[in-house]
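Participant: What follows is each chain in one-letter form.
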Amino acid sequence: MRIVAASKIHNSVVTAIDKIVFGLDPLVRSALEKACQAETDEVARDVLNALLENASISESERIPYCQDTGTVVIFAGIGAEVSISGGPLDDIINDAVREAWKMNYLRPSIVNCPLSRSGNCGDNTPAIIHHRIVAGERLRLSIALKGGGAENMSAIKMLPPTAAEEEIIDFITETVVKAGGKACPPLVLGIGIGGNFETAALNAKRALFVPLNDSHPDEKVAALERQILDSVNATGIGAQGMGGRTTALSVHIITSPCHIASLPVAVNLQCHAHRHCEIIL
Amino acid sequence: MQITKLTLPLTAMDIAHLRIGDKVLLEGTLFTARDQAHQRLCRLLERGDKLPFPLDASALFYCGPSPVPPGRICGAIGPTTASRMDKYTPQLIHNGLKIMIGKGERSSQVKEAIRQNHALYLTAIGGASALLARSVTSFELYCWEDLGPEAVYRMVVNDFPCYVACR
Numbered sequence: 001m002r003i004v005a006a007s008k009i010h011n012s013v014v015t016a017i018d019k020i021v022f023g024l025d026p027l028v029r030s031a032l033e034k035a036c037q038a039e040t041d042e043v044a045r046d047v048l049n050a051l052l053e054n055a056s057i058s059e060s061e062r063i064p065y066c067q068d069t070g071t072v073v074i075f076a077g078i079g080a081e082v083s084i085s086g087g088p089l090d091d092i093i094n095d096a097v098r099e100a101w102k103m104n105y106l107r108p109s110i111v112n113c114p115l116s117r118s119g120n121c122g123d124n125t126p127a128i129i130h131h132r133i134v135a136g137e138r139l140r141l142s143i144a145l146k147g148g149g150a151e152n153m154s155a156i157k158m159l160p161p162t163a164a165e166e167e168i169i170d171f172i173t174e175t176v177v178k179a180g181g182k183a184c185p186p187l188v189l190g191i192g193i194g195g196n197f198e199t200a201a202l203n204a205k206r207a208l209f210v211p212l213n214d215s216h217p218d219e220k221v222a223a224l225e226r227q228i229l230d231s232v233n234a235t236g237i238g239a240q241g242m243g244g245r246t247t248a249l250s251v252h253i254i255t256s257p258c259h260i261a262s263l264p265v266a267v268n269l270q271c272h273a274h275r276h277c278e279i280i281l
Numbered sequence: 282m283q284i285t286k287l288t289l290p291l292t293a294m295d296i297a298h299l300r301i302g303d304k305v306l307l308e309g310t311l312f313t314a315r316d317q318a319h320q321r322l323c324r325l326l327e328r329g330d331k332l333p334f335p336l337d338a339s340a341l342f343y344c345g346p347s348p349v350p351p352g353r354i355c356g357a358i359g360p361t362t363a364s365r366m367d368k369y370t371p372q373l374i375h376n377g378l379k380i381m382i383g384k385g386e387r388s389s390q391v392k393e394a395i396r397q398n399h400a401l402y403l404t405a406i407g408g409a410s411a412l413l414a415r416s417v418t419s420f421e422l423y424c425w426e427d428l429g430p431e432a433v434y435r436m437v438v439n440d441f442p443c444y445v446a447c448r
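One line per chain: the protein sequences are A and B, in this order. Under my numbering, the final residue of the first sequence carries the number 281; numbering is consecutive throughout. Under my numbering, the final residue of the second sequence carries the number 448; numbering is consecutive throughout.
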């Protein structure tokens, strides 16, 4: 059994949040630069240029790229041969979130009660943590800071198993059109297909961790990713909903086996801030 | 793309000259107000109570800023989704509100209220918060501190970039 100390996890999570809250994922930056060159709409180009300038200022002056510094979402892949010393993993993560939030003057965006809306937690905890026991002796933490605007426009649909691929494309395109400028496009789309109600949503979230330029290893699924990207970019929603051809930068699908009666499809919208990283301990 | 520098409060003539898609560089005072502040403003109006700031002389910025680090004027500054304020907006417009800044589309009722009352909805770039923070020259907590990031903050801006979305 390999021992991983709480302090090591704590420090890694604090460093990871610091790394992703300022500046922009280099792959997203390149995609925005490319989109900016290809964009023919004048206002949309102005918006894309502003986003690139924003990324530079955010990085050099250490001002968050977006004021909504998000909910902390973590997928923890816990090796079966790993033992964590010094406390339960969730407590270690939440302590690290508290420290990162305080140290970097990030916005506390979590309220205790979703109904009364009273009592901001003050430190952005609790993080939303999904656990999975995997083979091996490593601890893998996939960390995202997920803003509210794009999350609000995400959707799930339980399609019939005989639905054509066009119906999947239509559902996702309709979701993106309904989101308009509210979700802060250019977007990255995480899509979960199959599994059940909650698996599809989890797969959609997990798909947002796929590196921006990667496509699905199964060519048939990769073709569907390309068709969805083409479809959403033909909507004319564009950067910040201001028009043009840059509605989404990338589409990633994760599939799971599912019941013979079902075809759940979930789409998790990610804004251009796309703050995510992975740590392996 | 037409770029116009404007000083708040705007005159009817300022608004009449703008076209959808124009870029505007704003100078003047903005009050932040999100969901909870909107609810409070409307409750005060329903009770006939005085508002903490005059609606007709103020521009509302749908924004929950991040905390101010030491040595800086403000933290990260950017718009939140305007449509969440749609259910309160017609009431505020009918009570004098003219200028709103947020991101994303508005409901047909809000657009109608904007048109009828010669008001103006501008979109700022969502997520461009380090860039927008550069336009802020002063920043202070104004009221309803208990709302945390959703409190009302008063900020003075110069060359604050936004786009005409509805007028």
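By construction, these hints were calculated from the structure, which means they are not laboratory data. Idealized CB from N, CA, C, for every residue including glycine. One or more hints might be untrue.
As the list claims (entries may be wrong) - Cβ-Cβ distance ranges computed for the label pairs, FRET-style: (1) B/327 to A/257: 38 to 46 Å; (2) A/111 to B/421: 55 to 63 Å; (3) B/426 to A/137: 25 to 33 Å; (4) B/426 to A/167: 19 to 27 Å; (5) B/324 to A/136: 31 to 39 Å; (6) B/302 to A/226: 29 to 37 Å; (7) B/426 to A/278: 32 to 40 Å.
Participant: Now, for every hint given, state plainly whether the structure supports it.
Facilitator: Outcome of the hint check:
1. B/327 to A/257: 38 to 46 Å: 54 Å, violated
2. A/111 to B/421: 55 to 63 Å: Between residue 111 of chain A and residue 421 of chain B, where Cβ atoms are some 24 Å apart, the hint is violated.
3. B/426 to A/137: 25 to 33 Å: Violated: the Cβ-Cβ distance is about 49 Å, outside 25 to 33 Å.
4. B/426 to A/167: 19 to 27 Å: 49 Å, violated
5. B/324 to A/136: 31 to 39 Å: Taking Cβ atoms as reference, residue 324 of chain B and residue 136 of chain A lie about 56 Å apart, which means the hint is violated.
6. B/302 to A/226: 29 to 37 Å: At 31 Å between Cβs, range holds.
7. B/426 to A/278: 32 to 40 Å: 38 Å, holds
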